[in-house]
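**Q** Here are the chains, one letter per residue:
Protein chains: 2
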Amino acid sequence: MTVADCMRTMTKGEKPVDERLKKQLAFILEADKTKNVFRQTHLSGHGRRENDAEHSWHTALMAYLLGEYANERIDVARVMLMCIVHDIVEIDAGDTYAYDADGLSTQKAREDAAKMRIFSLLPEDQANELISVFNEFEANETADARFAHAMDNLQPLLLNDSNGGGDWKAHGVTAEQVYGRQRITALGSEKLFAVADGIIRENIGKGNLPESGGSDASDNKKKTHARRKNSV
Amino acid sequence: MTVADCMRTMTKGEKPVDERLKKQLAFILEADKTKNVFRQTHLSGHGRRENDAEHSWHTALMAYLLGEYANERIDVARVMLMCIVHDIVEIDAGDTYAYDADGLSTQKAREDAAKMRIFSLLPEDQANELISVFNEFEANETADARFAHAMDNLQPLLLNDSNGGGDWKAHGVTAEQVYGRQRITALGSEKLFAVADGIIRENIGKGNLPESGGSDASDNKKKTHARRKNSV
Chain A
1 MTVADCMRTM TKGEKPVDER LKKQLAFILE ADKTKNVFRQ THLSGHGRRE NDAEHSWHTA
61 LMAYLLGEYA NERIDVARVM LMCIVHDIVE IDAGDTYAYD ADGLSTQKAR EDAAKMRIFS
121 LLPEDQANEL ISVFNEFEAN ETADARFAHA MDNLQPLLLN DSNGGGDWKA HGVTAEQVYG
181 RQRITALGSE KLFAVADGII RENIGKGNLP ESGGSDASDN KKKTHARRKN SV
Chain B
1 MTVADCMRTM TKGEKPVDER LKKQLAFILE ADKTKNVFRQ THLSGHGRRE NDAEHSWHTA
61 LMAYLLGEYA NERIDVARVM LMCIVHDIVE IDAGDTYAYD ADGLSTQKAR EDAAKMRIFS
121 LLPEDQANEL ISVFNEFEAN ETADARFAHA MDNLQPLLLN DSNGGGDWKA HGVTAEQVYG
181 RQRITALGSE KLFAVADGII RENIGKGNLP ESGGSDASDN KKKTHARRKN SV
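If you read the sequences in order, they're chains A and B. With this note's numbering applied, the first sequence corresponds to residues 1 to 232, in that order. With this note's numbering applied, the second sequence corresponds to residues 1 to 232, in that order.
If we strip away everything but chain A, and leave its shape as in the complex, we get (with noise of 0.2 Å):
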């Protein structure tokens, strides 16, 4: 037995390490409402809609395999992390639709209770990391996050493209409201944010985006600028 092992043995076999495995296992089982938290975008093969948890579970294996097209250099396990844990707080905050002007002014501060009642499940370490996390990837000025952001800008594009833009035309949504959103793709990865951008045009062609939506449009534009998520 190594001198780690040792102290592995003798820390854990007290009661202090079972209050802690208590809270780390009440927060898992809270996580799982994630999967409960429906998004806009519709599954490919105009599937049903999509839920936080799969949401997130997509953008980590694109982080993974995306990560070579970062335009800086990005820790790709932490932006998993960032992935994995995104949405979380949407337990309590519920998924804030793109377009709602109103949910939109309270998203920040619906967000903020949900982050402190929800990681706070766990030991402090770990409520202290997952917070610490969470605010990175919300504040959008590291690396890691901003790459965490294409990936989840990109994922409901890709999606939305596969089913011929079928969300876009269900909301009326423009290509001057899509580009809002991936441009913060371009801040993460220029690559990427081709790929966008290849998609857009091409959807324009086809005509399920409008270029622009005359005075319904230019409504819809100011709310864009307003929110921060769940881009369709």
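The set of hints was computed from the structure by calculation and includes no laboratory data. Accuracy of the hints is not assured; some may be wrong.
Which copy is meant is left open, because identical chains are indistinguishable; a pair holds if it fits in one copy or across any two.
In the DSS-like style, the derived pairs of lysine-lysine whose C-alpha atoms are separated by at most 30 Å in a straight line are [said to hold, decoys possible]:
1) Lys33 to Lys22
2) Lys206 to Lys108
3) Lys115 to Lys206
4) Lys115 to Lys169
5) Lys206 to Lys22
Just so it is clear, the structure is predicted and the values come from calculations on it, not from any experiment.
Chain A is fixed; fit chain B onto it per the hints.
**A** Same frame as chain A, but now just chain B:
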């Protein structure tokens, strides 16, 4: 611009990189189908059946939070990746039901064929990487694989326990069978096996789980020995 930036620009400006990206995007879209593979486990709160993508997300989150309990030194990021990719083959192979003896006898062949078709959508280096990660998980001979299996086993146990053992009752599963499965958890983490053991004992006490089930249980036990996955 650094030398690394120059090299990146040079490499990415060439046609072969676009072919590479196309393959990556094709795989990412194919992987979306993981969300349509439903398991026997139900979500907490007596919810619907869980799908492979959200199950994989949950196990990756658990790996990050519970990694400290691994019997051996593990690479948590690698375990998370293993959790994320371990069920993608079920897009073709389907979820093999825990007590389907016929299904189990062909499971390995079906999953091997699926593995080749699906991962080969990726550029060769990434295909080889993910096949290698998947093979390592299946072989269960490394510390990382053993801990990933512990997550894969503990996760449905936690959900099923939260639902009063509903999945066990629906399928007439016995404690003997559940132990058969959770002993694999012990290979990855003795500490987490103790959690599983506590849950099993508690459910026996509550009458949610018969200790053994006579001749029927004996039949089931044989089948359980042959199976590798998707325990309830």
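**Q** Now, for every hint given, state plainly whether the structure supports it.
**A** Hint check results:
1. Taking CA atoms no more than 30 Å apart as the test, Lys33 paired with Lys22 passes inside one copy only; the shortest distance there is 18 Å, against 34 Å between copies.
2. For a Cα distance limit of 30 Å, the shortest separation of Lys206 from Lys108 qualifies neither inside one copy, at 36 Å, nor across copies, at 43 Å.
3. For the identical chains of this complex, Lys115 and Lys206 are neighbours neither inside a copy (41 Å) nor across copies (35 Å), given an alpha-carbon limit of 30 Å.
4. With identical chains, the CA atoms of Lys115 and Lys169 are never at most 30 Å apart, being 33 Å at best within one copy and 36 Å at best between copies.
5. Proximity of Lys206 and Lys22 under a CA criterion of 30 Å is satisfied inter-copy only: 20 Å between copies versus 54 Å inside one chain copy.
Checked against the numbered hints listed earlier, the structure breaks hints 2, 3 and 4; every other hint is satisfied.
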